[in-house]
Amino acid sequence: MSRNSTPDVQFDADGQLRHLLTIDGLNAETIIDILDTAESFISIGQRRIRKVPLLHGRTVVNLFFEPSTRTRTTFEIAAKRLSADVINLNASRMSTSKGESVLDTVRTLEAMHTDMFVVRDGSSGTAHLIARHVPAHVHIINAGDGRHAHPTQAMLDMFTIRQHKGAFDQLRFAIVGDILHSRVARSQIHALNILGAREVRVIGPQTLLPTEIERLGVTAFTNMDDGLSDIDVIMMLRLQLERMEGQLIPSSQEYFRLYGLTSERVARAAPDAVVMHPGPMNRGLEITSSVADGERSLILPQVTNGIAVRMSIMAKLMGSQPQTLEPEP
Amino acid sequence: MSRNSTPDVQFDADGQLRHLLTIDGLNAETIIDILDTAESFISIGQRRIRKVPLLHGRTVVNLFFEPSTRTRTTFEIAAKRLSADVINLNASRMSTSKGESVLDTVRTLEAMHTDMFVVRDGSSGTAHLIARHVPAHVHIINAGDGRHAHPTQAMLDMFTIRQHKGAFDQLRFAIVGDILHSRVARSQIHALNILGAREVRVIGPQTLLPTEIERLGVTAFTNMDDGLSDIDVIMMLRLQLERMEGQLIPSSQEYFRLYGLTSERVARAAPDAVVMHPGPMNRGLEITSSVADGERSLILPQVTNGIAVRMSIMAKLMGSQPQTLEPEP
Amino acid sequence: MSRNSTPDVQFDADGQLRHLLTIDGLNAETIIDILDTAESFISIGQRRIRKVPLLHGRTVVNLFFEPSTRTRTTFEIAAKRLSADVINLNASRMSTSKGESVLDTVRTLEAMHTDMFVVRDGSSGTAHLIARHVPAHVHIINAGDGRHAHPTQAMLDMFTIRQHKGAFDQLRFAIVGDILHSRVARSQIHALNILGAREVRVIGPQTLLPTEIERLGVTAFTNMDDGLSDIDVIMMLRLQLERMEGQLIPSSQEYFRLYGLTSERVARAAPDAVVMHPGPMNRGLEITSSVADGERSLILPQVTNGIAVRMSIMAKLMGSQPQTLEPEP
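Protein chains in written order, with my numbering: chain A, 56 to 384; chain B, 56 to 384; chain C, 56 to 384.
Bound conformation, chain A alone (with noise of 0.2 Å):
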C-alpha cells in the first residue's frame, strides 16, 4: 500500500470525501466538518427517539473478514439510528481465500445495490483494495485493517479530545503501549498532526516502537514517567497480550510496572490531564480501575461519542446533509 497513492481513493472528482479508508491525506478542514456535523447527531443519542431519517431505504453492509461483536455494534446502531437497513456478514465464513474472492463477495454484494461497506480485516490494505474496485455509487469506511489504520477510531478521539480539552495546537498528546501492531496509533498520529498538536509522543518499550518513528512527526520514549511530563491527553492503547507475551514483553507483570497507567503516573502529567482508551481495557495490565473509572478517564464519553461520530462519516460520505435532523413522525 503506496502511502502516495491511498489518499486518492478517498476523493471523488469534485473532491468530495467518497470513502473513509485512513486519516493520512485527509485535511484539517476535512477532518473538522466530520466533527462539527457529529456535534448535531450528539443530541439525537439523548432524545427519546433516537433516530433520523436520513439514510432511510439505504442498505449499510457490515463486512467483517475479523470478527469484533463491539466495533460492529457500534457501526450498527449508528446506521440504525440513521434509519439505513443493516446487513451483518461474518464474511470469514464466505471467502477462505483472500485477494480475488474478497472481490468476489464485495461485488455480488454491490450487485446488490447495497450502499455501504464497514469493513474489518485482519491484513492491511483490505478496505483499500475494496475501495477501489467499487462503482461511485458505493462508500466503503474502514473499520480497522491490520497494522495500518482505524480512522473512525482516530476521529472519535478527536471529538472527545476537542469536547473536554479545546484547541489541539495548546496540547501535549503521548499514546503508550504496543505502537508497533496498533492501527488505532498510526491514524490517532496522523489526526493529531494534521490538527496542529503542540506535541505528540508515543511511549513503549523498545521492541513494541517501530523503527523510524520519528518519521511520523512523533517523539518516542521508553521511560514512561518521562514521556508522560506535561502531558495534557494519555492516549493508553489495548495490549494484544495474547499473542506477546514471552516474545515482546517479558511479562505481564513487568509489562505493568513499566507501562501500566497508575493514579502516581497520571499525576506525572499535567495538573488536569485526561485519560483515554479505545477499549476493550485489559484491567490492570495497561491500567488500573482507579484510572479508568476515574474523574480523569473519558473511556466512556468516547464510546458514546462514538456513535455520533460514525452517524456523521456516514451521513457525509453518503451525501446526505444534516440539517434536517427531525426526528421519524
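Hints are not guaranteed to be accurate.
Stated by the list, open to error - Calculated lysine-lysine pairs in the BS3-like style (CA-CA distance at most 30 Å, straight line):
{"id": "1", "chain 1": "C", "residue 1": "Lys-106", "chain 2": "A", "residue 2": "Lys-106"}
{"id": "2", "chain 1": "B", "residue 1": "Lys-106", "chain 2": "B", "residue 2": "Lys-220"}
{"id": "3", "chain 1": "A", "residue 1": "Lys-106", "chain 2": "A", "residue 2": "Lys-220"}
{"id": "4", "chain 1": "B", "residue 1": "Lys-220", "chain 2": "A", "residue 2": "Lys-106"}
{"id": "5", "chain 1": "C", "residue 1": "Lys-106", "chain 2": "C", "residue 2": "Lys-220"}
{"id": "6", "chain 1": "C", "residue 1": "Lys-106", "chain 2": "B", "residue 2": "Lys-106"}
Claimed, not checked - Okay, the calculated bits of chain A under chain C, using three or more residues with CB under 8 Å as the criterion:
{"id": "7", "stretch": "108-116"}
{"id": "8", "stretch": "132-146"}
{"id": "9", "stretch": "161-172"}
In case anyone wonders, no lab produced these hints; they're calculated from the structure.
Idealized CB from N, CA, C, for every residue including glycine.
Got chain A; can you put chains B and C on it based on the hints?
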C-alpha cells in the same frame, strides 16, 4: 445473591418496576398489571400489520452470554413488534472472563445510549449484577440466569393459565421434572404462590428435588401418579438429558417410565387438566407426542402468549403506556 | 418425496401460489407472472430510497439448517426492501436431530405469528415437509434442499435470460458441470422446459451425470466442445470441489481441461452466446476470469435480478399486490 436484597433493585424510588429480574418480591398487583397489558398486545399478533410504534427509536440489546436461539428470537420479535431497534450480541465472544469484564461490556453498551438489555447467562445473579450498575434510563430483563430465575417464562405461563383456566385460587398445580436445576420451576413457584394458587406440588426423582423445597410453599412427590391426583395444571420441565444421564437419573428409559407424561398419566389428574411445557420438548422422554400435540396441551398457546407478555414487560419497564395501540401509518 | 404429490402443496384451494418449493409442477403462466412482477421491483433497486411498505408489519424468518451467508443475505435484503421484519436463525444450533424436531422448531416459530419461512437444508424435502404442516397464513420458500430444488435461483435465471435474450423458444441452453448433485440444475431444467426452451443440454463427466437424465427432457454430452455447439445460453454450475476430488473427478487440473469455461470454449457457442453462473465461482476451475468478467457474462446481473425476483416471490406468496410501489413517506 441474597433473597432479601434482590427485589429492591427491580423498583425505582417511586415504586415503579424498572427491571424484571425475578418473580420473587413482586406483588400480585404488579404481575396482574403485566398480564392485563399483555391482553391488549394479543390482538396485535393477529393483525395484518403486527407492529405498534411504542418503542420507536429505542434500542434493545439481546445480551446472551449463554446461547439460546429460541429465547433470543422471542425477545427479538417482541421488540421489533414494538418498533424498537434490536442488536443481537452473542456476548460469549466478547468477554472471556466474567465479573468486571461483564460490567465493562455493559457500561460500553449503555454509553451507546441503548435502552434495554435482555440478559441471559449460565451463572445465577448476572442480571442482578448488571441491574445494580446501570444508570436510571437503562432497563434489564432477566432472560434466564443459571438455576436462579426465568421470570418472563413464568409470566407467560401465568398468562396462559389465566387465559385457559381462570382463577388461581381454584386451581391445583404440579411442576414435574428436574426441579433442582430449573430456573423455570423456581420462577413458576414464586408466581403461583403470589397469585394465590390453591396448591402447588413438585414431582420428580429424589435426586432432582432440592432439599427443603417445602420452604418455598410446595409439596414434594416422588411418585408421579400420586402427585398428579386432582391436579388442574400440569407444568412439565425440559430434562437437560445431556448433563444428567448416568449421574442423577438412571437412564432415559427409566426416567420416562417413572416421570414421562403419557395420556394415561394425564387421566390421573383432574378431568379437564391442561398440560404446559416451556419447550423445546424432548418427545418420548419427559412427554409423549400424543400429550404434547393433544387437546389438553397449551404448549403452542404458551409460545404465542410469550410474545405478547414480553411486549408488555418491555413497554411497562420503559414507561410506555399501551393506550396508543394504533398500528403504524 | 414423490414427484406427483409435491406440486399440490404449493397451491391453495383457489389455485393461488402459497409456497414456492419447486419449479416442477408450476405452469408457464405462474412463472411469467412472477417474472413480470419482478420487473416492477427492478426500478426500486435503482432509487435513492430502495424500500416499499408492501410487507410492513410482517415477519420473515430465514430458517437455515445449512449455513449460506450469501443466499441468506439476498433474502434478508429482499425482505427488508419490502419493509418486513427479518429474523435470522442459524437453525443447526437449535435442533440437532431432524424430522420431528424440525417440525417443533417450525410450530414454535409459527406460534409467534411469523408469516414466512425461507428454508434451506442439506436434506432433500425439508421445505416440503414444513409446508405440509404449517397453517394457511404461513408461507414457505425453498432456498435450497439437498440435491432436490433451488427454485428462486432458477426464477432469477429465467428473469435474466428473458431480460437479455428474449423468447425461450428461440434459444438453446447448456447446463455445465456437476449435474448429479445440483439442485440448481434440476430447477433450471424444469423452468426451461416449462417456458418452452428450444433445446436444453447438460454437459459434464459421466460420473456427474444422473442416469436416465434424458427423462427430464434434456440431451447429455460428455464432450464440452460438442455440447456447446450453437448454444445461446451457457449456464455454469459451481463445482463442490471439496467433496469430489479424487472420487468423482480425476483432479481439478483435469476437470478444468475438460469442462472449464474458457474464451475459446465460449467461441464454440452461438456468436452472441451469454454466460451465467449462480455463484460463488471457483475461478480457474469451472470458469476463467476472462469469461466471468467478460462482456458475455451475466453473472452480476443475475445477482441484481435475484433481489427483485425474491421480492416478487415474497410479495406474491403473501398476497400483496405490487400496484402500490410508492416509496415510504
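Hints, one by one, checked against the model:
Straight-line distance between C-alpha atoms of Lys-106/C and Lys-106/A comes to about 17 Å, which keeps the hinted pair within the 30 Å bound. Restraint check for Lys-106/B and Lys-220/B: the C-alpha separation of about 29 Å stays at or below 30 Å, so the hint holds. As the CA atoms of Lys-106/A and Lys-220/A are separated by approximately 29 Å, the hinted pair is consistent with the 30 Å bound. About 43 Å separates the Cα atoms of Lys-220/B and Lys-106/A, which puts this hinted pair outside 30 Å; it is violated.
At most 30 Å may separate the alpha-carbon atoms for a hinted pair to count; Lys-106/C and Lys-220/C meet this at roughly 29 Å. Between Lys-106/C and Lys-106/B the alpha-carbon distance is near 17 Å, which keeps this suggested pair within the 30 Å criterion. With a threshold of 8 Å between beta carbons, the proposed coverage of the stretch 108-116 of chain A by chain C holds, since 4 of its residues qualify and at least three are required. By the rule of at least three residues with a Cβ nearer than 8 Å to a Cβ of chain C, the coverage given for the stretch 132-146 of chain A holds, with 5 such residues.
Under the rule that three or more residues need a Cβ within less than 8 Å of chain C, the assignment of the stretch 161-172 of chain A holds, with 7 such residues.
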